[in-house]
Structures are given as C-alpha cells and as structure tokens.
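Visitor: Each chain, written out:
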Amino acid sequence: MATHAGTHDDHDAKPGFAQRWLFATNHKDIGTMYLVFSLIMFFIGGSMAMIIRAELFEPGLQLVQPYFFNEMTTMHALIMIFGAVMPAFVGLANWMVPLMVGAPDMALPRMNNWSFWILPFAFVLLLSTLFMPGGAPAAGWVMYPPLVLQGGDSIAFMIFAIHLMGISSIMGAINIIATILNLRAPGMDLLKMPLFVWTWLITAFLLIAVMPVLAGAVTMLLTDKFFGTSFFNAAGGGDPLLYQHIFWFFGHPEVYIMILPAFGIISEIIPTFSRKPLFGYKPMVYATASIAFLSFTVWAHHMFTVGLPLGGLLFFMYATMLISVPTGVKVFNWVTTMWKGSLTFETPMLFAVAFVILFTIGGFSGVMLALVPADFQYHNTYFVVAHFHYVLVSGAVFGIMAGTYYWIPKWTGHMYSERWGKIHFWNSVIAVNVLFFPQHFLGLAGMPRRIPDYNVAFADWNMVSSIGGFWFGLSQLIFVGNIIYTVYFARQKASARVWEGARGLEWTVPSPAPHHTFEVPPVILPGMLAHDDVSH
Amino acid sequence: MEVKPSIARGSTRRVLIPALTVCAGMFLFGFALVPLYRLVCTHVLGIRVDDAPSAAAVSAVDRARTVTVQLMGHVHSDLRWQFAPEQSQLRVHPGALTVAWFSASNGTAQALTGHAVPSIAPSQAALYFNKVECFCFTDQTLKAGESRRMPVRFAVDPQLPRSISTITLAYTFYENPLAAGTATVAAAPAG
Ligand SMILES: [Cu+2]
Numbered sequence: 001m002a003t004h005a006g007t008h009d010d011h012d013a014k015p016g017f018a019q020r021w022l023f024a025t026n027h028k029d030i031g032t033m034y035l036v037f038s039l040i041m042f043f044i045g046g047s048m049a050m051i052i053r054a055e056l057f058e059p060g061l062q063l064v065q066p067y068f069f070n071e072m073t074t075m076h077a078l079i080m081i082f083g084a085v086m087p088a089f090v091g092l093a094n095w096m097v098p099l100m101v102g103a104p105d106m107a108l109p110r111m112n113n114w115s116f117w118i119l120p121f122a123f124v125l126l127l128s129t130l131f132m133p134g135g136a137p138a139a140g141w142v143m144y145p146p147l148v149l150q151g152g153d154s155i156a157f158m159i160f161a162i163h164l165m166g167i168s169s170i171m172g173a174i175n176i177i178a179t180i181l182n183l184r185a186p187g188m189d190l191l192k193m194p195l196f197v198w199t200w201l202i203t204a205f206l207l208i209a210v211m212p213v214l215a216g217a218v219t220m221l222l223t224d225k226f227f228g229t230s231f232f233n234a235a236g237g238g239d240p241l242l243y244q245h246i247f248w249f250f251g252h253p254e255v256y257i258m259i260l261p262a263f264g265i266i267s268e269i270i271p272t273f274s275r276k277p278l279f280g281y282k283p284m285v286y287a288t289a290s291i292a293f294l295s296f297t298v299w300a301h302h303m304f305t306v307g308l309p310l311g312g313l314l315f316f317m318y319a320t321m322l323i324s325v326p327t328g329v330k331v332f333n334w335v336t337t338m339w340k341g342s343l344t345f346e347t348p349m350l351f352a353v354a355f356v357i358l359f360t361i362g363g364f365s366g367v368m369l370a371l372v373p374a375d376f377q378y379h380n381t382y383f384v385v386a387h388f389h390y391v392l393v394s395g396a397v398f399g400i401m402a403g404t405y406y407w408i409p410k411w412t413g414h415m416y417s418e419r420w421g422k423i424h425f426w427n428s429v430i431a432v433n434v435l436f437f438p439q440h441f442l443g444l445a446g447m448p449r450r451i452p453d454y455n456v457a458f459a460d461w462n463m464v465s466s467i468g469g470f471w472f473g474l475s476q477l478i479f480v481g482n483i484i485y486t487v488y489f490a491r492q493k494a495s496a497r498v499w500e501g502a503r504g505l506e507w508t509v510p511s512p513a514p515h516h517t518f519e520v521p522p523v524i525l526p527g528m529l530a531h532d533d534v535s536h
Numbered sequence: 001m002e003v004k005p006s007i008a009r010g011s012t013r014r015v016l017i018p019a020l021t022v023c024a025g026m027f028l029f030g031f032a033l034v035p036l037y038r039l040v041c042t043h044v045l046g047i048r049v050d051d052a053p054s055a056a057a058v059s060a061v062d063r064a065r066t067v068t069v070q071l072m073g074h075v076h077s078d079l080r081w082q083f084a085p086e087q088s089q090l091r092v093h094p095g096a097l098t099v100a101w102f103s104a105s106n107g108t109a110q111a112l113t114g115h116a117v118p119s120i121a122p123s124q125a126a127l128y129f130n131k132v133e134c135f136c137f138t139d140q141t142l143k144a145g146e147s148r149r150m151p152v153r154f155a156v157d158p159q160l161p162r163s164i165s166t167i168t169l170a171y172t173f174y175e176n177p178l179a180a181g182t183a184t185v186a187a188a189p190a191g
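These protein sequence lines are chains A and B, in that order.
Residue numbering for the first sequence follows my numbering, beginning at 1 and increasing consecutively.
Residue numbering for the second sequence follows my numbering, beginning at 1 and increasing consecutively.
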C-alpha cells in the first residue's frame, strides 16, 4: 500500500513483506490489518446472512437443509460479532488512539502483533468446522446446553476458537488501557481526551472484565462434553440454567463492547460536521461510564421466560430500563450538538445522523423488550432479531463505516469518492430498513427466530425483508469499491486537517499519517483540541 | 500552556499487572458463579434449586403409596429396529428415583438413527411424571447389527392425584432421516 510515504519514514525504508506485516509492531500497520481482516469477515458472515435470507424468501424448504440453516445462523452471529465488529473497533483504536492522545505508538507493540495474529488462526479453526463430518456448530451463538452438547466434536473447535478470540481481545484491551493511561502527551488530561478515546478506555475495561467469564463458561461446556463434568448436566447435579446466567453475565456487557466505540466515533463526527464543540462533553463521559457500570446488573433480561422469581423479574426490568437514561443523555447531546450548527452532510456525517436515528429505533424496541409482560410475548421471536440488528447493523456497523469514511483520508492521504460514498449511504440506509423493519411485524405476529421454514401467514414480510437483505448485501460492494479506489486510484489529495471543522491531534499530522508520528510529544496549543474549551 | 519537555510515560507494568489480575480474577469468578448461583438462589431468593425432581425424589419418598408404571415400546414402521422395555411394569413409590431399561437393536445392515417420542397416559399424570434423564432426549444411532440398553431415569411426583394408581409410559421410535443425513449434508458446504 502506498500509504506511508511520510517524511519520518526514511530510517526503516522498504522492509520486506513478511518483515512489515507478519512481524508488524507499528500501530498503523496493525490497525490496517485489523480493518482488512474485519472487512473480509464482514463479507463471509454476510454471505451466510444471504443464505439465511434466501432460504426465508419463501415459506417451505427450497435451498438448504434445516441443519445447515442452523449452522448458518450460528456461524453468522459468531463471525459478525467476534470477527467483524470487534476487530473493526480494535483496528480503529489501533490507528486512532495513539494519534488522538499524541502517543508515538501503542504501549505494548509486540503484544499488539500477537493480539492481531491470533485472530486468523481462531477463525480458520472456527470456519474449518463447516467442512467437518457432522457440520459446524448449529445450536446458536449463545451455545446453550444441553442442545449445544448434542452437537458433534466440532464444538471443541468452536470453543478453542472462542478462547483464542478472547485472548486476542483481552490483549488488545490491555494495550489500549496502557496506551491511554501511560502515553498521553503532556497537557492531554483525562477530561480533555476525545470521546472516541474515552469510550474505548471504558470498552477496554469491559473487555478485561467479561471476556474471561465467557472463557470460563465455554471451558465448562468443554469439560461437560468431553471430560464428564456436570456443570450444566441435570442428571449429574448440575443446572443448565446456570449456563445462561454465566453466559449473559458476559453477554450483556458484550453488547456495550460492540456499541460504545461507535458512540465515540459518532461523538467525533457530529461536532466536526456541525462545526461546533460537542454539547455536554463531561455528561457524555459520565453517561458512557454509567452505561458500562449498569451493564453488569441487567443480564437476566435475556432470561425472563426461564421462570425467575417475581422480585428478580422486577429488578432486571427496572435496571434495564434505567440504562435508557444515560443512553438518552447521549442521543440528546448529539442532537443538541447539531442544533443551530453549520451542518454539512458529507458521507461520514450522513452515516452518523442515520446512526443516531436508527440506533434510537433499536433503543426503543429494546425498552419494549425490557418490559417483562411484553417480553413473554416477544421472547425468541423476530422482534428480537429486528431489535438487535437495528443496534448492531444500523448502530455498530454504521458507526464503523462512518469512522472509515471520516478517517480514510488521514490513513491514505486521498479523498474517497464522495459521490460513491453517498450512493453507498443511501442504498445502505434504505435497504437496512427494508431488511429489518418488517421483522418487527413478523415478530409481533409470532414468527419464531432460528427457523428455516414458517407459516405462510408470514410470507409477505419475509419476502420484503429478504429483498432488503440482498439489496443491503450488494450495497456493501460499493463500500469495498470505494475503499479500493481511495487506497490505489484516488487522485484528490487530502489536507492535514481534511475536514474544515475537524479538531484534535490526529488532524495536526500530515495526510497520509507518516509511519511514525509524535516521536516527540506534541505541544498542545489552545484551540487545538475539540474539548479544551470545556469549562472545568 | 506550559509543556513538560518529556512524554509522561508511566510504567507499563503498573497497568499490565492489575489488568492481568482482573482477568484471572474474572475467570475464577465465572467458576465461582457455580456455587454462588446455588447460594443466592437458596438463601437470598428462596428458590430451592435442590428441589429439582431428582433431589426431591431422594428427599421425600412416599413409602405409604405405590404406583404402577407400565412400560411400552413401539417402533414406527419406517424404522426397522427391535425395541422393547426390559420389564413390562414397575411398582414404584412416589418420589423415588427409579431407572427403567429399554433395549433396542438394529438388525439391518446399515446404521440408522432414531428418535423416541414419549407419551404418558392418563394425560393428567404427565404433569407429575418427571424424567430426569432419558434416551428420548437425544437421537440414538445404532450401527448395523448393534444392540443397546437405554435407561430412563424418572420419579413420580408425590403430588400425583390419589385417583391415579397406574401410569403408562409408552415410547415410539421414529426414524430420523435428517440426522442420518446430517453428516453428508454438512460435509457438502452448500447444503
Ligand atoms: Cu442484554
């Protein structure tokens, strides 16, 4: 890639391919590898989604066997969560956190190399199960026993893959914490850090707190399956419900791991294109921290129908609804930042505005699901599928795309095609609603999730949803095309600041960002940071 | 703004050690949830986890009462197996954990997968008939010529209405062609 022809680059000119990428310790190279890896996984997971939507295009079984359909739903989720969304955020953190806090690199560069290079191995393990006798894991990404334990030996591969992904995420998180706490430039106080840095700091704490819990849960599955323990086996004195408690103790914070960095990206983009400082910087930081804290107290809202005592139902219902308060603060602050700003709508801003609107729709259906009596109706229906795809696709994924368009001029030194960016945006934003909005209706009408065939009563909306699905899938080819164009073919050079309203240290280095930046810590001048005019 | 000349590098170790400690602690916490779950349920929430059917059966056996459990085994015509209970009936005390054995054999020259579907008569008794472990929970695959003894572990709830003195537990084994096809289906990635 011709992206690092910077001025500080001469002392390690032209390392070999393996030297540069296999043994990479540079945060920008590793960030690039994470982002490319995540894009590949996005398309692998996406093609599984295409198989799912193709089978659901009409009632009846047309294309795949039910068991293979279950493999697809399971693998789609595992790949999108652990392969696409999380590595994309780690990639963005690798690229941007050192630039934003004025650090020369990540604090632990060699560990950084490890945490990336573990991932391809983990996903080769996971994907190889598709070609094994007995097939890939098919019990859903939540891996509930006893069902998951009835799968073939491929679940051992899935469990080891999850262990590896966990180790990778934990090392990535420790690295980010160490970078933020230790390598900030003088004058970059904690409460002056850009919000993307803040949200990642908090996400990293969530990661080191819950990934080990997931590792423990899947380890117990492994020993139950292969070594005769009975953690979750009723016949041996265990309890399958216990698994759900442990899994969701990880699982709920995990959903914030997948959304908080997107909150950070949006909090960078909206002020830039509103040409105003972020409204309520400190409340944003506190809201993020309280969302993270509360996320540990709500896990059983995934288990309302298992027969919890009334007190438990009420506690988890109220705690869950409480989270909508800090989340509401964030949405309010984004909207207020735009209020009376000099708005322009370049592609990153379009994605950011769509994020605010569509994520809020996902938030509303989340509040509906938090209501115990309503949840008894919605549980395990397509309503749940619609809800979490609104927050994960038009939330997390749109956040990643917004960030990519926003920072790619800084990474490559060239402007992406604004015209094709807008075409990509409008196709994505319409298609994503055609794809997921009808799933609300299907769920309310009672269509269960994870089924390859359904009652003919659900036929129409499923067909609409599938059309939206293919449309959304194809639209993403525009995204890839635009990225390839920007990296290899674009002519229009990007200035250091790139965007008129952009503020922060990352915009003070040239575009493309040289291979080594801030080897001498930057001097932070008044007005240089987006948040230095925050009153204390 | 006054700027210090050197970068404010703290020691990485000061971050690394606490972070790894948190990781190790949370890994152990996952396992600590096993006993904690039991403690919280029993002592805080008042749910008697140990009142699951198996434990209840051991603790509260109603010796004064005897119920007859009749066992039956059928095979659906598509599945060419022999399948029958080892005893046609058992006399059990409500609450007592009991094991009944069935045996199945595959006389054909190919491996076959079947799935047993239970049914309980009279139907009011179904609510009080707790199967703790059963061969009907999973698919059963028998290789060509293979025979197998299969247990069902159950307890009759002492709350069983007085009017019921005989319960019939009947299994029908159906062929599961889908399961037999699983290996081939999954091996071909496009399904
Ligand atoms: Cu949750």
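Check before you lean on any hint, since a few could be wrong.
Lysine-lysine pairs mimicking DSS-like chemistry, simulated, CA-CA at most 30 angstroms apart [to be verified]:
| id | chain 1 | residue 1 | chain 2 | residue 2 |
| --- | --- | --- | --- | --- |
| 1 | A | Lys192 | A | Lys276 |
| 2 | A | Lys276 | A | Lys340 |
| 3 | A | Lys282 | A | Lys225 |
| 4 | A | Lys225 | B | Lys143 |
| 5 | A | Lys276 | A | Lys493 |
| 6 | A | Lys493 | B | Lys143 |
Hints are computed from structural coordinates only; laboratory data are not their basis.
Visitor: Each hint should be assessed against the structure and marked as holding or not.
Guide: Against the structure, the hints come out as follows:
{"no.": "1", "hint": "A/Lys192 with A/Lys276", "in the structure": "holds (16 angstroms)"}
{"no.": "2", "hint": "A/Lys276 with A/Lys340", "in the structure": "holds (9 angstroms)"}
{"no.": "3", "hint": "A/Lys282 with A/Lys225", "in the structure": "violated (48 angstroms)"}
{"no.": "4", "hint": "A/Lys225 with B/Lys143", "in the structure": "holds (22 angstroms)"}
{"no.": "5", "hint": "A/Lys276 with A/Lys493", "in the structure": "holds (25 angstroms)"}
{"no.": "6", "hint": "A/Lys493 with B/Lys143", "in the structure": "violated (69 angstroms)"}
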